[in-house]
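Protein chains in written order, with our numbering: chain C, 5 to 345; chain V, 5 to 345.
Since the hints were made in silico from the structure, they are not lab data. Among the hints, erroneous ones may be present.
When chains are identical, the list treats them as one kind, so a pair holds in a single copy or across two.
Claimed, not checked - Cross-link-like lysine-lysine pairs, in silico, BS3-like; alpha carbons within 25 Å at most:
(1) 299 to 167
(2) 93 to 257
(3) 167 to 93
(4) 313 to 135
(5) 185 to 16
(6) 163 to 93
(7) 313 to 13
(8) 44 to 130
(9) 341 to 257
(10) 44 to 167
Small disclaimer: the values here were computed from a predicted structure and weren't measured.
There are 2 protein chains.
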Amino acid sequence: MIKNDLFLKALKGETVTRPPVWMMRQAGRHLPEFMEIKEKYDFFTRCRTPELASEITVQPIRRYGMDAAILFSDILVIPQAMNIEVEMKPNFGPYLPNPVRDQKGVDATIVPDVNDALGYVMDAIKMTKEKLNGEIPLIGFAGSPWTILCYTTQGQGSKNFDKAKEFCFTQPETAHQMLQKITDTTIAYLIAKVKAGVDAVQIFDSWGGMLSPTDYNEFSLQYIDQIVTALKDYAPVIVFGKGCWFALNDMAKSGASALGVDWTCSARNARYLSGGNITLQGNFDPSRLLSPPEKIREMVHQMIREFGKDKYIVNLGHGMLPNIPVENAMAFVKAVKEYKD
Amino acid sequence: MIKNDLFLKALKGETVTRPPVWMMRQAGRHLPEFMEIKEKYDFFTRCRTPELASEITVQPIRRYGMDAAILFSDILVIPQAMNIEVEMKPNFGPYLPNPVRDQKGVDATIVPDVNDALGYVMDAIKMTKEKLNGEIPLIGFAGSPWTILCYTTQGQGSKNFDKAKEFCFTQPETAHQMLQKITDTTIAYLIAKVKAGVDAVQIFDSWGGMLSPTDYNEFSLQYIDQIVTALKDYAPVIVFGKGCWFALNDMAKSGASALGVDWTCSARNARYLSGGNITLQGNFDPSRLLSPPEKIREMVHQMIREFGKDKYIVNLGHGMLPNIPVENAMAFVKAVKEYKD
Numbered sequence: 005m006i007k008n009d010l011f012l013k014a015l016k017g018e019t020v021t022r023p024p025v026w027m028m029r030q031a032g033r034h035l036p037e038f039m040e041i042k043e044k045y046d047f048f049t050r051c052r053t054p055e056l057a058s059e060i061t062v063q064p065i066r067r068y069g070m071d072a073a074i075l076f077s078d079i080l081v082i083p084q085a086m087n088i089e090v091e092m093k094p095n096f097g098p099y100l101p102n103p104v105r106d107q108k109g110v111d112a113t114i115v116p117d118v119n120d121a122l123g124y125v126m127d128a129i130k131m132t133k134e135k136l137n138g139e140i141p142l143i144g145f146a147g148s149p150w151t152i153l154c155y156t157t158q159g160q161g162s163k164n165f166d167k168a169k170e171f172c173f174t175q176p177e178t179a180h181q182m183l184q185k186i187t188d189t190t191i192a193y194l195i196a197k198v199k200a201g202v203d204a205v206q207i208f209d210s211w212g213g214m215l216s217p218t219d220y221n222e223f224s225l226q227y228i229d230q231i232v233t234a235l236k237d238y239a240p241v242i243v244f245g246k247g248c249w250f251a252l253n254d255m256a257k258s259g260a261s262a263l264g265v266d267w268t269c270s271a272r273n274a275r276y277l278s279g280g281n282i283t284l285q286g287n288f289d290p291s292r293l294l295s296p297p298e299k300i301r302e303m304v305h306q307m308i309r310e311f312g313k314d315k316y317i318v319n320l321g322h323g324m325l326p327n328i329p330v331e332n333a334m335a336f337v338k339a340v341k342e343y344k345d
Numbered sequence: 005m006i007k008n009d010l011f012l013k014a015l016k017g018e019t020v021t022r023p024p025v026w027m028m029r030q031a032g033r034h035l036p037e038f039m040e041i042k043e044k045y046d047f048f049t050r051c052r053t054p055e056l057a058s059e060i061t062v063q064p065i066r067r068y069g070m071d072a073a074i075l076f077s078d079i080l081v082i083p084q085a086m087n088i089e090v091e092m093k094p095n096f097g098p099y100l101p102n103p104v105r106d107q108k109g110v111d112a113t114i115v116p117d118v119n120d121a122l123g124y125v126m127d128a129i130k131m132t133k134e135k136l137n138g139e140i141p142l143i144g145f146a147g148s149p150w151t152i153l154c155y156t157t158q159g160q161g162s163k164n165f166d167k168a169k170e171f172c173f174t175q176p177e178t179a180h181q182m183l184q185k186i187t188d189t190t191i192a193y194l195i196a197k198v199k200a201g202v203d204a205v206q207i208f209d210s211w212g213g214m215l216s217p218t219d220y221n222e223f224s225l226q227y228i229d230q231i232v233t234a235l236k237d238y239a240p241v242i243v244f245g246k247g248c249w250f251a252l253n254d255m256a257k258s259g260a261s262a263l264g265v266d267w268t269c270s271a272r273n274a275r276y277l278s279g280g281n282i283t284l285q286g287n288f289d290p291s292r293l294l295s296p297p298e299k300i301r302e303m304v305h306q307m308i309r310e311f312g313k314d315k316y317i318v319n320l321g322h323g324m325l326p327n328i329p330v331e332n333a334m335a336f337v338k339a340v341k342e343y344k345d
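Given the sequences, and given the hints that come with them, work out the whole structure.
Here it is as C-alpha cells:
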C-alpha cells in the first residue's frame with residue numbers, strides 16, 4: 005500500500021481533495037544536487053548505476069514533495085538494447101552514428117531479452133522503491149515507437165525529423181517492421197518494469213506532433229495502442245503526445261488511464277477533444293516557470309479551476325527546462341498543495 | 005486586371021472551377037536555377053537587388069506554373085530596418101549579434117521610414133510585376149510581430165525560443181513596447197508593398213504555436229489583428245500561424261480574407277475551428293513531397309475533396325524543404341490543375 009495515493013486515485017478517476025502533482029523531467033538539470041552528480045558521472049553511467057539513478061529519482065521529491073516520482077532514465081535505452089549504438093554528446097544531445105534507414109539496418113536490430121539487456125533499469129526500480137519507502141508511487145516510462153524511430157533513423161535531434169519521415173514515406177513496409185520491433189521490445193520492457201515495482205507507466209510521444217493525423221494513425225498511434233492493450237492489465241498507462249491534440253479522441257479509446265496534453269491545448273479543448281471522461285495530465289508551459297513565483301501560483305490555481313480538481317493530474321506541458329530557478333519550481337508544487345476548491 | 009484570377013477569387017470566397025495553388029517558400033533552395041544564383045550572391049544581396057529578387061520570384065512560376073507568385077525576401081528585413089543588425093550565416097541561419105532583451109535595447113530600435121529603409125523591396129515588387137506581365141497575382145509578406153520578436157530577442161533560431169518567452173514573461177511591458185514598434189513598422193511596410201503593386205499579403209506567424217492560447221492572445225494575436233485591420237482595405241490578407249489551430253476561431257474574426265493551416269489540422273477540424281465560412285489555405289506536409297509522385301497526386305486530390313474546391317487555396321502546411329525533387333513539386337502543382345470535382 006502506498007501512503008499518498010492521490011496520483012493513483014486520479015488515474016482511476018476517483019474523487020480527490022486536491023489534484024496530484026508531478027513534473028515531467030522533474031529530476032535533472034535544473035537541480036543543483038543533480039548537477040553535482042552530473043559533474044562526476046557521464047549520462048549512461050548515471051542511467052546504468054542503480055545507486056545513482058535511484059538517488060537522482062528521489063532528489064526532486066526530497067526538495068519539493070511531489071505526489072509521484074518518475075524513474076531517472078532515458079527513452080534511448082530501448083534502441084541501445086536493440087543493438088543500435090547511442091551516444092549522449094555533451095552540448096549536442098543524442099547521437100546515433102549508424103542510423104537505421106533501410107532493410108539491412110532493420111534486420112541488424114534485435115528484439116532483446118529485456119531482463120538481460122535492461123536489467124540495470126529493474127535494479128534501479130527496486131532500489132528506488134526502497135528509498136521511497138511506500139510514501140508515493142513510482143512511474144516508469146518509454147518513448148513511443150514513432151518517437152524512438154525518429155532518433156534511430158535521424159541519428160540525432162532535429163527540427164522536423166525529415167529523414168525519419170522520408171524513411172516512413174518512401175519505405176513504409178520497412179519502417180513498419182522497425183516500428184513493430186520497437187513496439188515488441190517496449191512492451192516487454194514496460195511489463196518487466198511493472199514486475200520490478202513501478203506503479204504506473206507513461207508513454208512519451210515527443211515527436212508525434214510532426215505528423216498529419218492520417219500519418220499519425222499509421223506510424224504512431226497503432227503502435228501506442230498495442231502497448232496500452234498489452235500493459236493496461238498490469239498497471240495504469242498515461243499516454244502523452246506533444247502536439248498531438250488531434251489524436252486525443254482516438255487516444256481516449258485506447259484503454260489508457262490518462263492522457264497528457266501540452267500547453268497549446270486549453271483545458272476546455274482537451275476535455276472536449278478527449279471526450280470529457282478520461283483523466284488528463286498537464287499542461288503548464290515550462291517557460292512560464294520563468295514568471296515570478298506569485299504569478300506562477302495564480303496561473304496554477306487558474307489551471308486547476310479550468311481542468312477541475314478531479315480526473316486531473318497537475319503537470320507541465322512538456323519537460324522541465326534547465327534554467328528554471330528552484331524557488332519557481334517550488335512555487336508550482338506548493339500552489340497545487342495549497343489549492344482549495 | 006490579372007488574367008489568372010483563381011487566387012483572388014478564392015480569397016473573395018467566389019466559386020472557382022478548381023482551387024488555386026502556390027507553395028510557401030516555392031522560390032529557393034530546392035530549385036537548381038536558384039542554386040546557381042545562390043552560388044554567386046549572398047543572402048541579403050539577393051534580397052536587396054531587385055533584378056535578383058524578381059528573377060528568383062518568377063523562377064518557380066516558369067517551371068511549375070503556380071497560380072500566384074510570392075516575392076522573394078525575408079521576414080528579417082523588418083528588424084534590419086529597425087536598426088537591429090541581422091546576419092544570415094551559411095549552414096546556421098539568422099544570427100543577430102545584439103539581441104533586444106531590455107528597455108535599453110527596445111529604446112535603441114527605430115520605427116523607420118519604410119520607403120527609405122526598405123525601398124529595395126518596393127523596387128523588386130515593381131520589377132516583378134513587370135516580369136509577371138499581368139498573368140498571375142503577386143503576394144507580399146511579413147512575419148508576425150511575435151515571430152519577429154522571437155528572433156530579435158533570441159538572436160537566432162531555437163527549438164523553443166526560451167529567451168524570447170523569458171523576455172515576455174519577466175518584462176511584459178517592455179516586450180509589449182517592442183511588439184508595438186514591430187507592428188507599426190510592419191503596417192507601414194505592408195501598405196507600401198501594396199502601393200508598390202502586390203495583390204495580397206500574407207502574415208507568417210511561424211512561432212505562434214510555441215505559446216499557450218492565453219499567451220498567444222496577449223503576445224501575438226492582438227498585434228496581428230492590428231495589422232489586418234490596417235491592411236484589409238488595401239488588399240486581401242492571409243494569416244498563417246504554424247501550430248496555431250487553437251487560434252483559428254479568433255483569427256477568423258480578424259477581418260482576414262483567408263487563414264493558413266498546417267498539416268496537423270485536418271480539413272474538417274480547420275473548417276470547424278475557423279467557423280466554416282472563411283477561405284482556408286494549406287496544408288500538405290512538406291515532407292510528404294518526398295513520397296512517389298503518384299502517391300502525391302492521390303493525396304492532393306484527397307486533400308481537395310476534404311477541404312472542398314471553393315474557399316480553398318492549395319498549399320503546403322509550411323515552407324518547401326530543400327531536399328524535394330523538382331518532379332515531386334511538379335506532381336503537386338499538376339495534381340491541382342488536373343483536379344475535377
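Hints versus structure:
In this assembly of identical chains, residue 299 and residue 167 lie within 25 Å of each other by CA distance solely across copies; the values are 18 Å between and 41 Å within a copy. With identical chains, the CA atoms of residue 93 and residue 257 are never at most 25 Å apart, being 39 Å at best within one copy and 47 Å at best between copies. In this assembly of identical chains, residue 167 and residue 93 lie within 25 Å of each other by CA distance both inside one copy and across copies; the values are 20 Å within and 23 Å between. In this assembly of identical chains, the alpha carbons of residue 313 and residue 135 never lie at most 25 Å apart, being 29 Å within a copy and 62 Å across copies at closest.
Within a single copy, residue 185 and residue 16 get their C-alpha atoms no closer than 31 Å, and across copies no closer than 51 Å, so neither meets the 25 Å cut-off. Taking the shortest alpha-carbon separations for residue 163 and residue 93, both the intra-copy value of 18 Å and the inter-copy value of 18 Å come in at or below 25 Å. For the homomeric pair residue 313 and residue 13, the shortest alpha-carbon distance inside one copy (12 Å) is at most 25 Å, but the shortest distance between copies (50 Å) is not. In the homo-oligomer, the alpha carbons of residue 44 and residue 130 lie at most 25 Å apart inside one protomer (23 Å), although the nearest pairing across protomers, at 63 Å, exceeds that limit.
For the identical chains of this complex, residue 341 and residue 257 are neighbours neither inside a copy (31 Å) nor across copies (40 Å), given an alpha-carbon limit of 25 Å. Within a single copy, residue 44 and residue 167 get their C-alpha atoms no closer than 35 Å, and across copies no closer than 29 Å, so neither meets the 25 Å cut-off.
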